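Asks: Let the sequences and hints guide you as you build the complete structure.
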Amino acid sequence: MKRTAPLLIASIAGFVMIVAYFIPRTQTWGEDVSVWFDILAAIAFILGGGNLLRVQLKKISDRRPGWAYAAITLIAFVVMLTCGLLKIGSHPNEQHPAFAWSGTYNQTGTPFWWMYEYLIVPLQSTIFAMLAFYVASAAFRAFRAKNVEAILLLGTAFVILLGRTAAGVFLTDFIPSDVLIEDPTFMQHLISTLRLENLTVFLMDIFNTAGNRAIMIGIALGTASVSLKILLGVDRSYLGSGED
Amino acid sequence: MKPENRWWVILFAIGAVLLIARWFVMPDGFGRAYVKAVPQAVDAENPDGRWVIYEQAPMADYLDAERTNADQSVYGPSVSRTLGTWIAALLTLFVLSFVIRDNPLYKVAESIFIGVSAAYWMVTGFWDTIVPNLLGKLAPGLLRDWAVPGLGDDQHPELAYLVPLILGIMLLWRLSPVGGWISRWPMAFIIGTFCGLRLMSFLHADFLTQIRNTIVSLYVVDNGSFDAWQSLKNLILVVGVLCCLVYFFFSLEHKGLVGNTARVGIWFLMITFGAAFGYTVMGRIALLAIRIEFLMDDWLWLIDPTNKRLLAEAAGFFLPLFGMG
Numbered sequence: 001m002k003r004t005a006p007l008l009i010a011s012i013a014g015f016v017m018i019v020a021y022f023i024p025r026t027q028t029w030g031e032d033v034s035v036w037f038d039i040l041a042a043i044a045f046i047l048g049g050g051n052l053l054r055v056q057l058k059k060i061s062d063r064r065p066g067w068a069y070a071a072i073t074l075i076a077f078v079v080m081l082t083c084g085l086l087k088i089g090s091h092p093n094e095q096h097p098a099f100a101w102s103g104t105y106n107q108t109g110t111p112f113w114w115m116y117e118y119l120i121v122p123l124q125s126t127i128f129a130m131l132a133f134y135v136a137s138a139a140f141r142a143f144r145a146k147n148v149e150a151i152l153l154l155g156t157a158f159v160i161l162l163g164r165t166a167a168g169v170f171l172t173d174f175i176p177s178d179v180l181i182e183d184p185t186f187m188q189h190l191i192s193t194l195r196l197e198n199l200t201v202f203l204m205d206i207f208n209t210a211g212n213r214a215i216m217i218g219i220a221l222g223t224a225s226v227s228l229k230i231l232l233g234v235d236r237s238y239l240g241s242g243e244d
Numbered sequence: 245m246k247p248e249n250r251w252w253v254i255l256f257a258i259g260a261v262l263l264i265a266r267w268f269v270m271p272d273g274f275g276r277a278y279v280k281a282v283p284q285a286v287d288a289e290n291p292d293g294r295w296v297i298y299e300q301a302p303m304a305d306y307l308d309a310e311r312t313n314a315d316q317s318v319y320g321p322s323v324s325r326t327l328g329t330w331i332a333a334l335l336t337l338f339v340l341s342f343v344i345r346d347n348p349l350y351k352v353a354e355s356i357f358i359g360v361s362a363a364y365w366m367v368t369g370f371w372d373t374i375v376p377n378l379l380g381k382l383a384p385g386l387l388r389d390w391a392v393p394g395l396g397d398d399q400h401p402e403l404a405y406l407v408p409l410i411l412g413i414m415l416l417w418r419l420s421p422v423g424g425w426i427s428r429w430p431m432a433f434i435i436g437t438f439c440g441l442r443l444m445s446f447l448h449a450d451f452l453t454q455i456r457n458t459i460v461s462l463y464v465v466d467n468g469s470f471d472a473w474q475s476l477k478n479l480i481l482v483v484g485v486l487c488c489l490v491y492f493f494f495s496l497e498h499k500g501l502v503g504n505t506a507r508v509g510i511w512f513l514m515i516t517f518g519a520a521f522g523y524t525v526m527g528r529i530a531l532l533a534i535r536i537e538f539l540m541d542d543w544l545w546l547i548d549p550t551n552k553r554l555l556a557e558a559a560g561f562f563l564p565l566f567g568m569g
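Respectively, the protein sequence lines represent chains E and A. For the first sequence, the working numbering gives the first residue as 1, with consecutive numbering after it. For the second sequence, the working numbering gives the first residue as 245, with consecutive numbering after it.
Just so you know, not all the hints are guaranteed correct.
To be verified - Per label pair, the in silico range of CB-to-CB distance:
id, chain 1, residue 1, chain 2, residue 2, range
1, E, Lys-229, A, His-400, 55 to 65 Å
2, E, Ile-191, A, Pro-247, 54 to 64 Å
3, E, Phe-186, A, Met-540, 47 to 57 Å
Don't read these hints as lab results, they were simulated from the structure. Here the structure is a predicted model, which is why all the values come from computation and not from measurement. Beta carbons: idealized from backbone N, C-alpha and C, even for Gly.
Replies: Encoded structure:
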């Protein structure tokens, strides 16, 4: 029961989604199951929050190294959660002013909005921005143009970086462009492509598209194969070790 | 004091001195935010509004309003937004300090980020999904009286939604120290549904669509004549996709013709990875530029790319000299 029931649930839910795609009469089944999936995904966020609370509280109670940071996390979590769930500072909906809870939780000016705007947005974007240093540093240390493949990778990155800047456009400005020529010849197209901004577009449209298409086809086949293995019960790794 | 701590103290002292110097250089200070009060007219009985919302306003508008009428109350400085700007600026610097090395300030910023992010997604999941999709289906009357008064009267309880409610409770059982297997059922539902959804969407959107888009003419005729340039581009595209797919095909040993084709495929993939690398670096640098612009523009007021302050300050300074303003 502990292992067979989950296998059946996974198979039925998955095949309902597949059948709903092909049979119009069962389309509403697929829509309902999709909404159920969204609900469970939202409840999974609550599970994640609960788990965060448990781990941080344990860290604080055990006075483990760095427990003060756990306390900061906890305070930030509780304050933001309270402001959001209770819609603190939120005005009612304009259409229904008599209903205090009818406003949105993320209205401009509310504490929840404030924390999103002045805590999440700057922190998130700065953390991602900082990766610029590490990507550049890792590239400097790891990239060596020692074979054709490495030269292609490095050369493309260089062209893309340069071609999207004003400096790149300026460097190859002397090469005639085919933009203003009516009905350009093959050679005019070829020469114009040597301009860095055009070379960037050419690499992106042709070579990059070709590589990405093959990767996407491979991912699609891989996803289909793994999905079928799970739905048919061949892959049961998601059930865990089976100790309980 | 440890030598590394001494360096941090020196760094912060320099920063503090620069901020104080900045304060005295600019008489209007810096890092302030201004708002415009907009009364919300809710109904005809109360046209002046029941509450006021505050919209971000440029400093120029505030100065203009002050020059026109010193007693005006529409525009004004905002304490909460000013505080927010300062906190956002300091947190930005805390995160950037990681470039030097890991330090307590970075850890503080990281801890805040973890806490607020987790809470943000919980709140979003609750109000955007659980309330309308679960409570709205199980108890529409309650929801109508409480948070969604606009919910249609024709909505009736749908008992089928007890299933996700029960599965959700079983999922939360994972937090309990006993009966961990109970959460397998909702997990199996999530995994099964996700597999079914992804199987079809990937086969349709990625597999079939990508193949269809790759079937292009290798002999392009434009306005009655052969378009050699477009034909060459299409040829490279088709050859590239086929060569990459041969590289991904591991059931045949990559030797001879297959090996050479796969090698060409690797070249295409390397160009793809190079392009992805270039774009990633550019994206990150753009983000960094935005953060630095925030520090220089919104916080320190050292630059003014949108002229939201300089023109106003200049007008405030020069117009009175000519008896205007």
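Asks: The structure should be examined with respect to each hint, and the outcome stated for every one.
Replies: Now the hints, each set against the structure:
1. E/Lys-229 with A/His-400: 55 to 65 Å: With Cβ atoms ~40 Å apart, the hint is violated.
2. E/Ile-191 with A/Pro-247: 54 to 64 Å: At 59 Å between Cβs, range holds.
3. E/Phe-186 with A/Met-540: 47 to 57 Å: holds (48 Å)
Comparing the model with each earlier hint shows a violation of hint 1 alone; every other hint is respected.
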